[in-house]
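Engineer: Given these sequences and hints, build the entire structure.
Number of protein chains: 2
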Amino acid sequence: MIHYKDKLAKGSWVTYRAEIKVLDCTVRDGGLINDHHFMEGFVKAVYDTCVAAGIDYMELGYKASKKIFAPDQFGLWKFCEEDDLRRIVGDNPTPLKLCAMADAERTDYHTDILPKDQSVLDCIRVAAYIHQLPTALDMIKDAHDKGYETTLNLMSISVVHDNDMAEALEVLAASPVDSLYIVDSFGSLYSEQVRDLTLAFLKAVEGTGKEVGVHAHNNMQLAYANTIEAIILGANRIDATINGMGRGAGNCPMELLLAFLKNPKFHLRPVLECIQNVFLPLQSEMEWGYQLPYLLTGMLNQHPRSAIKIRASDNPDDYVGFYDQVTEKE
Amino acid sequence: MIHYKDKLAKGSWVTYRAEIKVLDCTVRDGGLINDHHFMEGFVKAVYDTCVAAGIDYMELGYKASKKIFAPDQFGLWKFCEEDDLRRIVGDNPTPLKLCAMADAERTDYHTDILPKDQSVLDCIRVAAYIHQLPTALDMIKDAHDKGYETTLNLMSISVVHDNDMAEALEVLAASPVDSLYIVDSFGSLYSEQVRDLTLAFLKAVEGTGKEVGVHAHNNMQLAYANTIEAIILGANRIDATINGMGRGAGNCPMELLLAFLKNPKFHLRPVLECIQNVFLPLQSEMEWGYQLPYLLTGMLNQHPRSAIKIRASDNPDDYVGFYDQVTEKE
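Protein chains in written order, with this note's numbering: chain A, 1 to 330; chain B, 1 to 330.
Hints listed in this document are in silico derivations from the structure and should not be mistaken for laboratory results. Treat the hints with caution; some may be incorrect.
No distinction is drawn between identical chains; accordingly, a pair holds when it is met within one copy or between any pair of copies.
With a cut-off of at most 25 Å between alpha-carbon atoms, the simulated SDA-like pairs for lysine to any residue come out as follows [unchecked claim]:
{"no.": "1", "residue 1": "K141", "residue 2": "E287"}
{"no.": "2", "residue 1": "K10", "residue 2": "I232"}
{"no.": "3", "residue 1": "K146", "residue 2": "F42"}
{"no.": "4", "residue 1": "K265", "residue 2": "Y323"}
{"no.": "5", "residue 1": "K329", "residue 2": "Y16"}
{"no.": "6", "residue 1": "K329", "residue 2": "A259"}
{"no.": "7", "residue 1": "K97", "residue 2": "K146"}
{"no.": "8", "residue 1": "K44", "residue 2": "G321"}
{"no.": "9", "residue 1": "K309", "residue 2": "Q283"}
{"no.": "10", "residue 1": "K309", "residue 2": "P270"}
{"no.": "11", "residue 1": "K203", "residue 2": "E192"}
{"no.": "12", "residue 1": "K203", "residue 2": "S12"}
{"no.": "13", "residue 1": "K329", "residue 2": "L261"}
{"no.": "14", "residue 1": "K265", "residue 2": "K329"}
{"no.": "15", "residue 1": "K309", "residue 2": "L280"}
{"no.": "16", "residue 1": "K10", "residue 2": "L199"}
{"no.": "17", "residue 1": "K309", "residue 2": "E273"}
{"no.": "18", "residue 1": "K10", "residue 2": "E192"}
{"no.": "19", "residue 1": "K10", "residue 2": "A200"}
{"no.": "20", "residue 1": "K262", "residue 2": "Q302"}
This one's a predicted model, so the numbers in the text were calculated from it and none came from an experiment.
Structural biologist: This is the structure in structure tokens:
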């Protein structure tokens with residue numbers, strides 16, 4: 001049979017790209033379901049699993065402002081204080097690098113992010129909407145100056161206009177940020193759109209040594225497929241969560257991603273063990289993963305908040321009512 | 001932003017291809033879960049939904065041999081007798097075309113498939129493994145001579161060798177069959193492989209007027225993504241099932257497919273209504289859809305029968321035990 005090999009694809013099916021790094025953001029994205037009220041045993045189980053599975057990075061939560069988020073209303077992983085982190089990871093004597101996310105305009109980064117030599121964290125991930133780019137650039141500079149590896153996670157990318165994106169990429173390529181992430185917050189991108197974005201991001205960072213990353217959501221059952229698409233084209237920083245745990249429809253499941261990647265340093269079995277022992281019991285307390293309402297907001301390129309609300313209501317399965325609601329002409 | 005438009009893609013994002021035809025195989029593939037013991041009300045609900053949603057074809061079940069399959073052990077939709085069909089659809093005074101599937105070597109097609117003018121069926125779908133091609137060709141000829149539209153569904157395509165595939169396509173292109181289906185029985189194809197296969201099938205039927213179809217399974221959460229991939233490249237015959245119902249990990253969900261297709265003749269709302277009212281109550285009686293064991297057989301390019309068995313056992317969630325079982329060296 002003729003193989004119409006995609007000329008844009010990096011790598012082949014029987015080799016692997018050692019430069020691909022996997023980031024587990026289970027505790028950070030999953031924490032959006034329960035305001036980060038995870039028990040320490042859960043966070044430790046995810047940490048141990050990441051180490052055993054050969055995962056490269058683990059994100060433990062946010063560095064959120066205590067002026068904006070009242071500490072008595074959120075779990076510890078909303079703030080990722082040094083003492084709390086170290087109760088889980090000690091001095092982290094492992095190859096696993098640790099991250100926290102800081103949302104633009106929702107963090108007191110100047111004071112709350114310690115210099116790297118005082119922290120067990122390795123990487124600060126700056127999350128921003130495109131209109132927050134000036135703030136994000138200052139956050140990147142701050143984290144970079146403090147000694148951290150940095151990423152910029154450009155959120156809600158499916159509603160960013162092409163011209164704005166081109167300008168943002170130009171500015172970011174000139175910044176000290178180490179990786180630029182495509183973040184499909186609404187889970188509304190199709191593979192062709194992921195292809196366009198990945199190639200545009202790769203072109204923007206060409207020659208800078210920066211990497212391109214992808215963070216997908218599963219609103220239309222495409223989180224894994226879109227992640228693979230980005231990988232094939234050359235994205236080397238890949239977000240996933242164990243069992244796909246994450247807000248709303250959840251994320252690219254780590255177990256699917258590791259089954260796809262061929263680098264022998266990755267191990268699937270510890271992830272299966274963690275799902276079986278830790279995540280299955282949680283499913284009676286928390287809901288995550290694809291449900292029909294997420295398809296509808298994804299299809300309409302909307303934030304999933306209305307779908308999350310219906311899933312938490314007394315009529316979580318009133319798909320028709322929800323369809324009528326979201327498609328109503330304004 | 002530069003758009004790296006895929007030169008192989010047919011169509012654009014703001015138009016639609018009128019030649020794309022959608023086939024609902026819920027009752028046929030879903031019947032593999034419960035030996036086709038569906039109540040008539042269920043089959044009628046699916047039929048009414050297909051009509052209301054503007055779906056092009058509906059597959060009601062198999063034309064299976066009663067010598068091989070004892071009628072007292074299977075539901076009516078294993079055999080699709082004319083009287084049973086007509087109790088549901090009458091004379092089918094709708095634009096919806098009706099199909100039944102006939103498995104090579106498991107059907108008494110010469111006698112059990114009536115001449116078209118005596119049947120409410122419009123299309124016979126011949127399912128075959130590649131080694132059954134001579135039988136399949138005789139079945140196609142028989143159905144064609146009787147006046148039916150025909151398809152050839154080439155099963156377990158992920159284990160067919162390239163040379164065998166090339167020969168099969170040559171023979172099939174010269175046959176009277178109307179459509180050739182890529183059938184990912186093991187749910188183990190990645191999008192690049194779907195791309196290769198779709199383009200090879202399209203090339204084989206070039207100039208013959210035949211169409212290429214795709215039938216995907218969701219073992220690795222790729223049924224919908226792979227279906228889209230095939231559509232974009234030019235596959236015009238698309239299988240899906242309501243709520244993804246189908247054996248094991250299930251199929252490409254109809255609701256996702258209709259959300260993707262832009263032809264205004266398709267309507268999503270009736271499908272949502274059917275899921276809400278008919279499929280949700282069924283979920284306590286039957287299991288379908290992605291579960292972790294299907295990832296493992298899909299990843300290993302194996303038939304999902306061992307995963308189906310573990311899901312029906314007393315330990316359906318023993319992922320680690322199942323992993324150890326399927327990866328054991330022989």
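Engineer: State for each hint whether it applies.
Structural biologist: To see whether the hints hold, each was checked on the structure:
1. K141 - E287: neither (37 Å within a copy, 51 Å between copies)
2. K10 - I232: Both. Shortest intra-copy (6 Å) and inter-copy (21 Å) distances satisfy the 25 Å Cα cut-off.
3. K146 - F42: Neither: 30 Å inside a chain and 63 Å across chains, both beyond 25 Å.
4. K265 - Y323: This pair counts as between: shortest inter-copy Cα distance 18 Å, intra-copy 45 Å.
5. K329 - Y16: between (49 Å within a copy, 23 Å between copies)
6. K329 - A259: between (43 Å within a copy, 18 Å between copies)
7. K97 - K146: Only inside one copy: K97 and K146 sit 16 Å apart there, 67 Å across copies, limit 25 Å.
8. K44 - G321: between (41 Å within a copy, 23 Å between copies)
9. K309 - Q283: For K309 and Q283, both the intra-copy (18 Å) and inter-copy (23 Å) Cα distances are at most 25 Å.
10. K309 - P270: Answer is between: at 23 Å across copies they meet the 25 Å cutoff, but 33 Å inside does not.
11. K203 - E192: Both. Shortest intra-copy (17 Å) and inter-copy (22 Å) distances satisfy the 25 Å Cα cut-off.
12. K203 - S12: Result: close both inside a copy and across copies, 21 Å intra and 24 Å inter.
13. K329 - L261: Classified as between: cross-chain Cα gap 21 Å, same-chain 44 Å, threshold 25 Å.
14. K265 - K329: For K265 and K329, only the inter-copy Cα distance (20 Å) is at most 25 Å; the intra-copy one is 52 Å.
15. K309 - L280: Answer is both: 23 Å inside a copy and 20 Å across each meet the 25 Å cutoff.
16. K10 - L199: both (12 Å within a copy, 20 Å between copies)
17. K309 - E273: between (32 Å within a copy, 20 Å between copies)
18. K10 - E192: Both. Shortest intra-copy (17 Å) and inter-copy (12 Å) distances satisfy the 25 Å Cα cut-off.
19. K10 - A200: Classified as both: same-chain Cα gap 15 Å, cross-chain 22 Å, threshold 25 Å.
20. K262 - Q302: Between copies only: 18 Å across chains, 35 Å inside a chain, cut-off 25 Å.
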